[in-house]
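**Student:** So the protein lines, in turn, are chains A and B.
The first sequence begins at 1 in my numbering and counts up one residue at a time.
The second sequence begins at 1 in my numbering and counts up one residue at a time.
If you are wondering where the hints come from, they were derived from the structure by calculation, not from laboratory data.
C-beta atoms are modelled at their ideal positions from N, C-alpha and C, and glycine is treated no differently.
Be aware that one or more of the hints could be misleading.
[Unchecked claim] Some chain A residues close to chain B (C-beta under 10 Å, calculated; not the full set):
id, residue
1, Q23
2, P76
3, G78
4, T81
5, K127
6, G147
7, A186
8, E215
9, F220
10, I226
[Said to hold, decoys possible] Calculated cross-link-like contacts (lysine-lysine; reagent style DSSO-like; alpha-carbon spacing at most 27 Å):
id, chain 1, residue 1, chain 2, residue 2
11, B, K104, A, K44
12, B, K376, B, K332
13, B, K5, B, K212
14, A, K252, A, K116
15, A, K127, A, K109
16, B, K180, B, K212
17, A, K73, B, K332
18, B, K212, A, K35
19, A, K10, B, K180
20, A, K97, A, K10
21, A, K27, B, K402
22, B, K212, A, K44
23, B, K110, A, K73
24, A, K44, B, K402
25, A, K73, B, K31
26, B, K115, A, K73
27, A, K26, B, K402
28, B, K332, A, K27
29, A, K26, B, K5
30, A, K10, B, K67
31, B, K403, A, K27
32, B, K67, B, K125
33, B, K402, A, K223
34, B, K376, A, K10
35, A, K97, B, K115
36, A, K26, B, K295
37, A, K27, B, K295
38, B, K43, B, K31
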Amino acid sequence: MIQSLRLFFKQGRQYIGNLFTAQVDKKYRGFPQFKPNLCTHCNKCISNCPVQAISEDLTVDIGKCQFCGECIKLCPSGAATFTNFHHTGATDRETLKITPGTTPEEYEKNAIQIRKEIVAMFGRSLKLRSVSAGGCNGCELELNATGNVNFDLGRYGIDIAASPRHADGIIISGPISCNMAYALQATYDAVPEPKIVILLGSCAISGGVFANSPELDRDFLEKNKIDLYIPGCPPHPLTIANAILAFLNRKK
Amino acid sequence: MIEVKNNQCIDLTDLHSVPYDYFMDTAVAQKFRCMNIAARRNKENIDAFILMTSASSTLYLEYVEFKPGKVYPSIGKTVPSWINFERELAENFGVKYADNPWLKPIRFPKDACHKLSMAEYPFFKENGSGVHEVAVGPVHAGVIEPGHFRFMCRGEKIDHLEIQLGYQHRGIENLMCQGKIASKRVLAESICSDSAVINSYLYFNILENALKITVPERALAIRTIAVELEKAALHLSTLSGIANDIGYVMGAAFAGATRTYIINSLQSICGNRFGRGLMTLGGVAFDIDDELNSKLTDTLNMVYDRVSHLRNTMMESPGVRSRLELTGTVSKETAAATGFTGVAGRASGVDIDGRIFMDNPFYKQQPETKYSFIRKGDVFSRTCLRIDEALASLKLVLDILKKLPSGAILSAECGKFASNMLILSIGEGPRGEYIHMAVTGPDENVPFESYKVKDPSFINWFALALSVRNNQISDFPLCNKSFDLSYSGNDL
């Protein structure tokens, strides 16, 4: 008993009080800020990007980006940089293509379009069914972490449901392997209407580093509307939390 | 058969194939444990490079040519550690075995040599009155990777559990051989995110051996720190899961919060909570400066204190002990015969530790492991072992941080690419023995002709099936968590 109380005492206060203002480590690679004025057009970053996320005009598609830092290492002039800004969730796929010169504040202002019907239906409680479809367990671990004592997303009424019948939508991680395509569709069909679809991580959004693999079957994404994109490899729990909370208009 | 060392480049022209029957007799007589088989198509034949080890941990390599249409006797029938590798050869290359007792599909890739679909997996069937089946998955109640479990039970008692995996198959080994070299590191890190550090460590070992690069001591120290932090993080995440499954909520919250400190330490080194992006060719991409060193030392000392406190409280709690002890037991004989590695093997008393193969001076100075409990192969042993190993990892990291070697973190030298070589890379990661094997291509632009990854889960999944026999279905989550195996590492 005394031992357990000591443990309780030692645990201390672990939760993050304000998820909206919490900062991540300065080394964290979050929002890309490429500087065209420093660029020498050596094209090293473009040709060596493992997922071809960088285009000629230095637009970075964070729906593809693996945040591996290869471009930062190769850039001779310091034009390729990433900030630790992590509120990168968006409701539109095109928003994830970040043109050079966009500041994090500008991005955040327009990234998430709040929809009235979503806020009315799920604003106070959102239960999600997680489907890992070919993921590497990175996004899954970070999604799990949003529910732990540090991030505690449960305090906002956002939880992972144990059955699709109890869920308001699905959250997909991984590039969607052929072998999971059927199970993903079956899970989606089992969720009662109205329902939302969230894509978690670069693999789910674009196929990531597996985009060219013949073992993927991404038809599901063609057929269904995607409501929220959470980029990252894997996304930080704070990215996940902020994206979902902004989507539900809980960020006040 | 030739004796080999870890990280050795073996010239393929020096290898000569031996007849299968002769090879099989030696393997069966000596009870060699199969570690990995790298295979490739050579015209009609299948070249198989078989890495195995004897009881005294000597590594042997054998080259066998399989011919199409011929039926081979199975080694797995007598030495169970070979069963899964034979299944793999049968699925990917169509090698036919006469009497392998478990010749079922593994990953259902597009180009498989069998024509079965995921829905047609040939499950074993149990007949009789009172027998029923319970099927779970592939999508589970929680945030877990997909896998299908089918229990054959009488009442609540499990007679047999059959595990069908392959849902996560995304073709890593094929992608390794295609496209530019730049994407390969990210691919190696994506084999399994909670083992991203050890997989990229082994991947770069292969590339560095092909290019004859010696990693500077400081870089090696930082690599070792990351490997050990990754291990401690996974052990604590497992511990949190075990505590959660038995309703010991305080332990779950405590272990979960402690794990956050460890992965945040990894993030403060390299900017990613799973250590992605740390490794680079010839060293590491991020240095640990004095300020970070003292910050890490403080955090990890605090973590060490927290974990030891948790051990004393949780493992001495009568409620916890009565639930964990003698649940999900795997005997030493079974573990040794089936070749379980990592916690799954060591908790049953099989002392297999991939670190003895690693060319790493920081592991050479390690004292011999002393076990603070009797290793019975049950959930309790695995839980204790996980805490002890997490503590050992933290201690090693603190030791290295104290005497962090000075010098560069990147090697400047770079030799000529060794083409047409077979290169081995073996290491001990969070789940046991990780092995990468590669046949190098003609030059750096086409680095690998064939690439083979073995995650310890590939063998250890069977330990879970064995451990739940004669237990109840309600014991399954606990057993599953105590092994904490990787789906993505198995499915590749």
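**Student:** So which of the earlier hints does this model not fit?
**Tutor:** Result: hints 1, 2, 3, 4, 5, 9, 10, 11, 17, 18, 19, 20, 23, 24, 25, 26, 28, 29, 30, 32, 33, 34, 35, 38 break, sorted rising.
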